[in-house]
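Asks: Each chain is listed here by its residues.
Number of protein chains: 2
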Amino acid sequence: MSKEQLLQYVRSFVPLTDEEAEQFVAPFEEVQVKKRQFVVQPNFTNKHRAFVVKGAFRSYAVHDGQEHTLQFAIENWWVSDFNSYIYQHPATLFIVALEDSVLLQIEHAKELELKKANHKFETFFRIMAEKGLAFEHRRIIFNLCHSAEARYENFILNFPNFIQRVPQYALASYLGMTTEFLSRIRNKKAHRRS
Amino acid sequence: MSKEQLLQYVRSFVPLTDEEAEQFVAPFEEVQVKKRQFVVQPNFTNKHRAFVVKGAFRSYAVHDGQEHTLQFAIENWWVSDFNSYIYQHPATLFIVALEDSVLLQIEHAKELELKKANHKFETFFRIMAEKGLAFEHRRIIFNLCHSAEARYENFILNFPNFIQRVPQYALASYLGMTTEFLSRIRNKKAHRRS
DNA sequence: CTTTTTTCTTGACCTGCTTCATTTTTACTG
DNA sequence: CAGTAAAAATGAAGCAGGTCAAGAAAAAAG
Numbered sequence: 001m002s003k004e005q006l007l008q009y010v011r012s013f014v015p016l017t018d019e020e021a022e023q024f025v026a027p028f029e030e031v032q033v034k035k036r037q038f039v040v041q042p043n044f045t046n047k048h049r050a051f052v053v054k055g056a057f058r059s060y061a062v063h064d065g066q067e068h069t070l071q072f073a074i075e076n077w078w079v080s081d082f083n084s085y086i087y088q089h090p091a092t093l094f095i096v097a098l099e100d101s102v103l104l105q106i107e108h109a110k111e112l113e114l115k116k117a118n119h120k121f122e123t124f125f126r127i128m129a130e131k132g133l134a135f136e137h138r139r140i141i142f143n144l145c146h147s148a149e150a151r152y153e154n155f156i157l158n159f160p161n162f163i164q165r166v167p168q169y170a171l172a173s174y175l176g177m178t179t180e181f182l183s184r185i186r187n188k189k190a191h192r193r194s
Numbered sequence: 001m002s003k004e005q006l007l008q009y010v011r012s013f014v015p016l017t018d019e020e021a022e023q024f025v026a027p028f029e030e031v032q033v034k035k036r037q038f039v040v041q042p043n044f045t046n047k048h049r050a051f052v053v054k055g056a057f058r059s060y061a062v063h064d065g066q067e068h069t070l071q072f073a074i075e076n077w078w079v080s081d082f083n084s085y086i087y088q089h090p091a092t093l094f095i096v097a098l099e100d101s102v103l104l105q106i107e108h109a110k111e112l113e114l115k116k117a118n119h120k121f122e123t124f125f126r127i128m129a130e131k132g133l134a135f136e137h138r139r140i141i142f143n144l145c146h147s148a149e150a151r152y153e154n155f156i157l158n159f160p161n162f163i164q165r166v167p168q169y170a171l172a173s174y175l176g177m178t179t180e181f182l183s184r185i186r187n188k189k190a191h192r193r194s
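Just so you know, the sequences run in chain order A and B. Just so we're aligned: the first sequence equals residues 1 to 194 in our numbering. Just so we're aligned: the second sequence equals residues 1 to 194 in our numbering.
Since the hints were made in silico from the structure, they are not lab data. Please note that a few of the clues may not be correct.
Copies of the same chain look alike in the list, so a pair counts if it works inside one copy or between any two.
Stated by the list, open to error - Subject to a maximum C-alpha distance of 30 angstroms in a straight line, what follows is the list of computed DSSO-like cross-link-like pairs (lysine-lysine):
| # | residue 1 | residue 2 |
| --- | --- | --- |
| 1 | K3 | K47 |
| 2 | K110 | K47 |
| 3 | K115 | K131 |
| 4 | K54 | K115 |
| 5 | K47 | K34 |
| 6 | K131 | K120 |
| 7 | K54 | K131 |
| 8 | K54 | K34 |
| 9 | K54 | K120 |
What you are looking at is a predicted structure, and each value in this text was computed from that prediction instead of being measured.
All chains should be modelled from the sequences, with the hints used to inform the complete structure.
Replies: The structure is reproduced here in structure tokens:
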């Protein structure tokens, strides 16, 4: 069952007794999501945090008709409009399924209860947030320091398994460049190899 | 005393009894730092997380001779090379005092002890990390969506109190542009006003 | 306050990346 | 599996922002 997968993930960060494990996963509910279906939309508050059991997602903002990707998420990643979720105010992002997917989602209030109920659960969410913050720090610094081409190379190196699953225009907007420019970078690279 | 200031800050997020308060601040030690002094340097592991009691700091990376600013911190902000601190591996950033400053710093191992000892302390650090992550998400999206000029305007709007205290070349590198270009933006704006 | 260092400004020129328009390729859908 | 929609590639032209070099202003040091 999919909750086993979530538990395995959680236990890789904090040890849980069987009883605690049961308590942790209880408030999560499984949701099936079809490709191109939205799970978060601007102006609606993001009421759930979701663990990706299967599939792929993309969160992005639209500004002046342009899409700008904040994150991708595949198996064993989490998805939410984090600002909307933790402050429980209206979302600014779209989150859409890139494939037919399965999520395990928890309501905001239920997550608060979990964190309150058990020190270990609190620790788990603390670790998630810290790792997320550290990740974004690395991303910001890297983006500040490097050219479009270097950012693409770095992505390939660090997330080879994402490359096959996210459309190129979405990757371009994640890396802060246009689709056209990413296409040219790839083309240049292909020619160098031959 | 400066620990009062830290406590006031912590208590704005989690309620603490007097006993807990004492326990929390005990492992922090006060450090005086002179302007231009470094508190973190690449290749040395960042052993402390520090709360700014007074003064201002800047964390930045150097790449191809160019400086790129990740963060500024003034009173009631925290400073560290977060990746170095939480994983206890060598730092990649410089952190330097922009003014004569006072820090309250805690050793990594002592922080772990605090988080283990009391659920509330764990909650506090979880909230810090979550707020930090939400902040960086907003920053990344904003940077992806906006021009150099808009990023500068946004900074003025959101951090008016930083403007007076950080050098312009540092602000430029935080906003992802050159000193020269920021100078031109400011100049253009001044002319529009007259 | 005078000297030195650091920061900020300004001008001329340059380029990495964007924009727009069109075509080709790939993926869905009935 | 034909037809249509979505995604990727390609070319030409433009611009936001960078680079380099030199001077002015401000701050720090003596």
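Asks: Hint by hint, note whether the structure agrees.
Replies: Verification of the supplied hints:
For a Cα distance limit of 30 angstroms, the shortest separation of K3 from K47 inside one copy, 20 angstroms, qualifies, whereas the shortest one across copies, 37 angstroms, does not. In the homo-oligomer, the alpha carbons of K110 and K47 lie at most 30 angstroms apart inside one protomer (10 angstroms), although the nearest pairing across protomers, at 35 angstroms, exceeds that limit. Proximity of K115 and K131 under a CA criterion of 30 angstroms is satisfied in both settings, with 18 angstroms inside one chain copy and 16 angstroms between copies. For the identical chains of this complex, K54 and K115 are intra-copy neighbours only, at 25 angstroms inside a copy versus 33 angstroms across copies, given an alpha-carbon limit of 30 angstroms.
Taking CA atoms no more than 30 angstroms apart as the test, K47 paired with K34 passes inside one copy only; the shortest distance there is 19 angstroms, against 47 angstroms between copies. Taking the shortest alpha-carbon separations for K131 and K120, both the intra-copy value of 16 angstroms and the inter-copy value of 20 angstroms come in at or below 30 angstroms. When the C-alpha separation of K54 and K131 is checked against a cutoff of 30 angstroms, the pair qualifies both within a copy, at 22 angstroms, and between copies, at 28 angstroms. Taking the closest pair of Cα atoms, K54 and K34 come within 30 angstroms of each other only inside a single copy of the chain (11 angstroms); across copies the shortest separation is 53 angstroms, beyond that limit.
For the homomeric pair K54 and K120, the shortest alpha-carbon distance inside one copy (26 angstroms) is at most 30 angstroms, but the shortest distance between copies (34 angstroms) is not.
Checked against the numbered hints given earlier, the structure satisfies every one of them.
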